[in-house]
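As given, the protein sequences belong to chains Y and D, one line each in that order.
Here the first sequence is numbered in our numbering, starting from 1 and rising by one per residue.
Here the second sequence is numbered in our numbering, starting from 1 and rising by one per residue.
These aren't lab readings, by the way, just hints derived from the structure by calculation.
Treat the numbers as computed from the prediction; the structure is a model and nothing was measured.
A hint or two may mislead.
One-sided excerpt, in silico: chain D residues whose CB lies under 10 Å from chain Y [unchecked claim]:
1. Val4
2. Met7
3. Tyr30
4. Phe34
5. Gln38
6. Gln45
7. Lys49
8. Ser85
9. Ala91
10. Ile100
11. Thr102
12. Gly104
All C-beta atoms, glycine included, are put in the ideal place defined by N, C-alpha and C.
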Amino acid sequence: GAGVSQSPSNKVTEKGKDVELRCDPISGHTALYWYRQRLGQGLEFLIYFQGNSAPDKSGLPSDRFSAERTGESVSTLTIQRTQQEDSAVYLCASRHSSGDRNEQFFGPGTRLTVL
Amino acid sequence: GDSVTQMEGPVTLSEEAFLTINCTYTATGYPSLFWYVQYPGEGLQLLLKATKADDKGSNKGFEATYRKETTSFHLEKGSVQVSDSAVYFCALSWEGGSYIPTFGRGTSLIVHP
Chain Y
1 GAGVSQSPSN KVTEKGKDVE LRCDPISGHT ALYWYRQRLG QGLEFLIYFQ GNSAPDKSGL
61 PSDRFSAERT GESVSTLTIQ RTQQEDSAVY LCASRHSSGD RNEQFFGPGT RLTVL
Chain D
1 GDSVTQMEGP VTLSEEAFLT INCTYTATGY PSLFWYVQYP GEGLQLLLKA TKADDKGSNK
61 GFEATYRKET TSFHLEKGSV QVSDSAVYFC ALSWEGGSYI PTFGRGTSLI VHP
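Construct all of the structure, not just a fragment, from the sequences and the given hints.
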């Protein structure tokens, strides 16, 4: 079946503009995660959705960052008033609620460049 | 808090050489340990894992043993191939709850023919 997909694959924007990144999880996966990967760094957790529960937003770096997910489907990560420090690869992952609970399946990422 | 430390890269090897990528962790208790691999232009893929002390995870010729005495989970492969060139991430997470892993910084592996 299809894996996790993300769009766009690359996004170049000007400082101060808003951007919206999209993630399509694997069908049936109730958990969805967003991470940020800066050049040469590990993955930085941003936000976690589990079913219809309130999301865990503890990793969002500022109030310019927000994310939404409707039910167990698509999620969007929005960055308002982008700054150069927001340049990174944004990775989405999904996980099934049963079976191998620890395994997350990652999308290919969106590379964001803020000029 | 939890942390994962990996050896800095890049690691550059010739084909058929032996590979070791060191990983140590800091955590209170015994988390599950993972190695993920990220090939160029792709997302992370789970390579192998171990959920308790002395477990050995293995996949595609790679293996790693969970050593609680040294809080380590070093990745090894006896004979690397050019196709193994990628970035390797060590991570830990806890059973139950949100399963949000703590990742190391990643180690780039470059294998030359």
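What are the numbers of the hints the structure violates, in ascending order?
-> 2, 3 and 8
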